[in-house]
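Undergrad: With the hints as a guide, dock the two chains, each given alone in a separate frame, to form the complex.
Protein chains in written order, with the numbering used here: chain W, 1156 to 1526; chain U, 287 to 668.
Because the hints were derived from the structure by calculation, they are not lab data. Accuracy of the hints is not assured; some may be wrong.
[Said to hold, decoys possible] Derived DSS-like pairs (lysine-lysine); straight-line CA-CA distance at most 30 Å:
(1) W:1518 - U:305
(2) U:332 - U:288
(3) U:504 - U:305
(4) W:1356 - U:299
(5) W:1325 - U:389
(6) W:1485 - U:389
(7) U:332 - W:1325
(8) W:1212 - U:453
(9) U:332 - W:1230
(10) W:1485 - U:340
(11) U:615 - W:1230
(12) U:457 - W:1218
Residue-level listing of the chains:
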Amino acid sequence: MQVFNTFFKIVKKQLPVTMIYVGIFLVLCVMMGSSQRDGAGSYTASSCTLVIVDHDKSEASGKLIDYLSGIHDVKYEEYTDEQIQDYLYYHKIDYVLYIEKDYGTTGELTNVKRPGTSVGIYVDNQIAMYEANMRALLTAGYSMEDAYALTLKALDSDGLVELSVGSAEKPTIYYYFSYVPYVIIMIMFFIITPVIVAFNKKDVNDRLNVSPITLRSKNMQIFLGAVIISIFVWILFIAMACLMGYSDFKDMLYKVALNSLGFTITGTAMATIVGNFGVSGDTKNIIANIAGLALCFLGGVFVPVSMFSKGMLAVAKFMPTYWYINTNDKIFEGGSMDDIAAGLGIELLFALAFFMVAAVVSKRMRTARSS
Amino acid sequence: MKTFIHNFKYTIKIIIHNKTQMMWSIVFIIALGTLFYASFGNIYEKDEMLHSIKAAVVIDDGSVKQNFDDIVANISLDGEESLLDITEVSGMEEAEELLADEKIKGIFYSGQGELKLIVKEEGVEESILTSITARYHQAVTVAAGLSKDAPEKIPDAMTMLLTGENKNIEKKLSDGNGDTYIQYFYNLIAMACLMSVNAGIAFAVGSQANLSSIGARKCISGAATLTQTVSGLLATVITQAICSLLGLIYLIIIGVDFGNQAGYTGLIILCGCLTGTCLGFFIGSIGGLSRNAKDVIGTAIVVGTAFLSGLMVGNMRMVVEEKCPVINKINPTALIADSFYSLEIYDTYDRCFGNLITLLIISVLCVFGGVLVGRRKRYASI
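Chain U on its own, in the form it takes in the complex (with noise of 0.2 Å):
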């Protein structure tokens, strides 16, 4: 025990000696954290969320403009803010220059007797104001067909069509945080807690007698490897389970929603730091390879898995889970990811057990291919 602990010391004390090292960890996740959230923060709340739209109406004809003002009174967003924000213009002129501009989504206009509107672009605010364009003519193309065929029934399918009940229910299955674009922080945390990889690879590195100093006086100490590498191991994940921790609390400061599960977040952090040193270690520990290969593949895994799991597109998770689903289920940054996603938007813990138990699994098995590989080592020359 006293051995584990001197060997626990020192090794958080190499760790704390390479302050570039540990501190560019911090700022990997302070800086992409204030981009990320600078960048698209608030973009579900501005362009998913629903919120009044921008129109301008141009309307000559007097039935039309009033036909069109009954519509509009009859729909709103939560039955108070009105669905429409409308821009006042002088005319047509005016209008085109706003819709150009961007300033509004489209324009109303009254043409041979009917309602119609032009947009710049198709997207769904501007299908929404098309909507409002099909209301009119549905209630118009109705009134005539039924002015041919049932012209007693008008009055009553006129009410029917503007004040019919909705029978259509929305049926919630979270009350989690939605917002697609978080995902990013979930992935961005899940890969700092992958760059543990390298600090695995300067470990293991650190152990071989052959490639540093270090590992040449730990080889002939009496301690047990096992002692060794347990000891060393768990100083690493510890040292890069705080930098990550300390990413983190930056972003809940400057207002990411990490949801209120301080605890199993911290859980998950440290899962995520204990399989990337793991799988550092893993890597760190073959023998033939150089240092430079080492930290070529330790960055690969890094990388790759990153971006399998969505932080450079954010579809990707989904096009994975399409292509090869076992790529999710095995890829340590999603696997991160989704634990942090699951937590949020499910109220049980079985999904976000399950990830950090696939971590446990990888993280057993990288140590146990590592001192598979790195034991028993005899050197004819140093």
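Okay, chain W solo, but in the shape it has when bound (with noise of 0.2 Å):
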């Protein structure tokens, strides 16, 4: 076991390094998932989030914004023309609302939306039909409190629409897991990577070359020490979930373990073939940043596949990402062992054929090396 023990002695040289790497990505892993808790930029439903200034101030605007703060999260801070301009942009806030004075017999309104767009239409449609249906009936003689009534009862759509799939809420654990890809790639092309390329260095090579060691035997070496850390790092990252919410997720612990260390292991291959390559510094960095962003862009982790075209989602298939994603959102919404059996078993796949991959690598850039 001479290629395994020297493999854990480049690993023990490089540990402080390693050891930070491990930290700063499982510091932005719990960021991530940190970050969508707060649920800022997204609308659920009919919700929307609706920024009011009242300058009439009168029983007119009162109902007004009782009536939208009925459906929308609506705030009441006054806020610069860049801010509203930053907030609508990045999706803070869907719609501003000016009630300007005297609406109380002017009817007049001003709004700021993201133009052209659903929200934006669908929230004037509603003041659209509130403001005819007050209007209709105060002309009638109604008063303003009995108009307000009916209004509210007219346009209540309750028991008119009937939801044939329901959406539950997923807890902050899941966004957690949804970004354990990326955090993985990254890791494993700075742990494993460079461990790889040390070992296909001429001299080492040459050494190993001389040794009674065949190729295949230094291969299941590496292997095995490469499975061994990135277990290693797979107890760390599900350590980290039970710290940040044991009780969200312990009915479906060993679904989401499995899951995650399957991934890992397709990790550990990735970076086995890019250091077959003998790639390193600064060209591994970008190399890896290339691969963790464009994995998971594709894969469905920074942004939901469901946004994809049809194209899209068909070369997104094509990545281990998708099919961690995949299963993972299966597991959030109940799914059994049978449901997930098979995402897991392709992400397996995928790793089995990357390990294949890099020793292909490493015989041909071994054969390159000694012609």
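TA: What follows is the structure, encoded as structure tokens:
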């Protein structure tokens, strides 16, 4: 087990640097998961984030605010134009409504929204329906109170709409596990790749070639070392998840653990391929970033695949990250072991394929070096 | 001046000699830019802008159908395109299949003399369909209410309900590109600029006698340290900016909208690469650290600032703005990305220049710090 021992000697030598990388990406993963808890920028169902600025402060404007706050999340802060532009752009707010002075008599309103978007037109529609209803009833002689009560009744769609599928809110830990692939890929590139590169250095390689150790034995020992490292990293991630919110996923612990372990092995295999090409230093950093970001964007880690076109979705299915996210979604939707077995199997097949590619690359590079 | 030019020329030669690193710097933008463009190049247009909503209609009741048709005829997008794109179906079974396959957003049907709706999930388009049902219900409820209290007012009230004047006027704050997803491209270029940290570290390490033979040669030369540092940094910044510019040109060719202010866009990239290189120079000049440790710090800064700027999680910039706004004011990646954003969105250049000035201040501080920690070194043995 000379190669196996040397593997860990190299890892030990790089341990301080390695631990810094693990620490950085662990923090990043926790931050990514936590950032989604605030839900900033996402609107759910028919509820949007509205900012209302009331310049009228009359009974009529109060009723309009009551109506809208019954449907939407309403903020009353007065922002500058620059802040409004930024908040609309980054989806922190969806619609700004200015109730103009004398609104009670003129009915004048001004709005700022993302032009032409569904959300903006949806809120426009609601305000228009409320306005038309109130005006019709007030003209017909109703008091403000009675007109408002009848308007609420008229615009209430309860019992008229059926939802064929319910949507459950996901716990924070779901987002933590969603971002794990990016962090795993990056960590594996930074830990495993330098060790493989060290083994492929000319002097080390030549020394190994004259020893009685076969190529197969060398590769198997490196493979074993890499798998042990990946299991260590994986345990760290699971431990961190347990610290963050064990109660949120204790019923599905073994499923998320299996899924993340499957992906950790896949990430290790990818790092092994790059290492066998002898890539190190700055180039390794850039390749790690390209691989990490590309696989995560394509696989639906950062942007949900539901937003992809059919063509892109077809491409996404060739990414291990897609199967990881797909399986993760199924787990948090209450899927059984049977539901997630296929995804898990595909992840491991990817790992197997990547390890085989790494072995081929290793052999080719060895032949190229000796010739 | 002659020494400056000589040193500038040879630093460029050293950088160009490292073809692999240069190639990957450009490939980083090209590969991820292509991927971003293919993945969500048109998501904003497809998902956020309102288009006709696909729905099926299975209404047996004649009067409900008549009223439904009247309402739909009165609602349109921009006065031309119909809000609803009705899919013909033979019955409820077929409609439910289409809904399950997400080929339609909802099914309108009649039940107990009322218009009803089935949707698959909750969302804005489903809510707009709901508002059509509510509009139908509104007319019926108001008419019923008035028939008890003031039946003579029903015709006027109905006219007001259906043809009310719109007094909710839209105000536009910007004529720029409001596509939120373009921020991913801004952040991508910003990260590419900041990756100059690696080149800065390499330059600083290459200037230290105990870490490289070129550094040893430089230390015993007669050229002033300041001349060597400034000319070397300038050469590094220019080569890095060229790589980033080539990547940007590629993005513009494939159709990413970076606005039409090429000069300012180039200036942002130049300032971004300057900050990245100077930051790298500072990290690389810290004496006690190994090359490996310097690379770790560089990577942590590049990835960490890109994350806080919103490359991985789109709304991260706003989360940071809420929790600790000062980070957005000093995060180089956020400053570069925000410069692209403000150039596109605002008519004035105040915010963009404010960001660039901050980048320049960070750069000057880094060079100053780098020179300070790296000066007057004596080696007993190399």
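Undergrad: Confirm or reject each hint.
TA: Evaluated hints:
Between residue 1518 of chain W and residue 305 of chain U the alpha-carbon distance is near 25 Å, which keeps this suggested pair within the 30 Å criterion. Proposed proximity of residue 332 of chain U and residue 288 of chain U is contradicted: the alpha carbons are some 58 Å apart, above 30 Å. A distance of roughly 23 Å separates the Cα atoms of residue 504 of chain U and residue 305 of chain U; the hinted pair therefore holds under the 30 Å criterion. A hinted pair counts as satisfied when its Cα atoms are at most 30 Å apart, and residue 1356 of chain W with residue 299 of chain U qualifies at roughly 26 Å.
For the given pair, residue 1325 of chain W sits about 26 Å from residue 389 of chain U by alpha-carbon distance, which is consistent with the 30 Å threshold. For the suggested pair residue 1485 of chain W and residue 389 of chain U, the alpha carbons sit about 22 Å apart, so the restraint of at most 30 Å is met. At most 30 Å may separate the alpha-carbon atoms for a hinted pair to count; residue 332 of chain U and residue 1325 of chain W meet this at roughly 26 Å. Of the supplied pair hints, the one linking residue 1212 of chain W and residue 453 of chain U holds, its CA atoms being roughly 18 Å apart against a limit of 30 Å.
The suggested pairing of residue 332 of chain U with residue 1230 of chain W holds, with an alpha-carbon distance near 28 Å, which does not exceed 30 Å. Only pairs whose Cα atoms come within 30 Å are accepted, and residue 1485 of chain W paired with residue 340 of chain U is accepted, the gap being roughly 28 Å. Distance check on the hinted pair: residue 615 of chain U and residue 1230 of chain W sit about 25 Å apart at the alpha-carbon level, within 30 Å; holds. Between residue 457 of chain U and residue 1218 of chain W the CA atoms are separated by roughly 23 Å; this keeps the pair inside 30 Å, and the hint holds.
Hint 2 from the list above is the single one not met by this structure.
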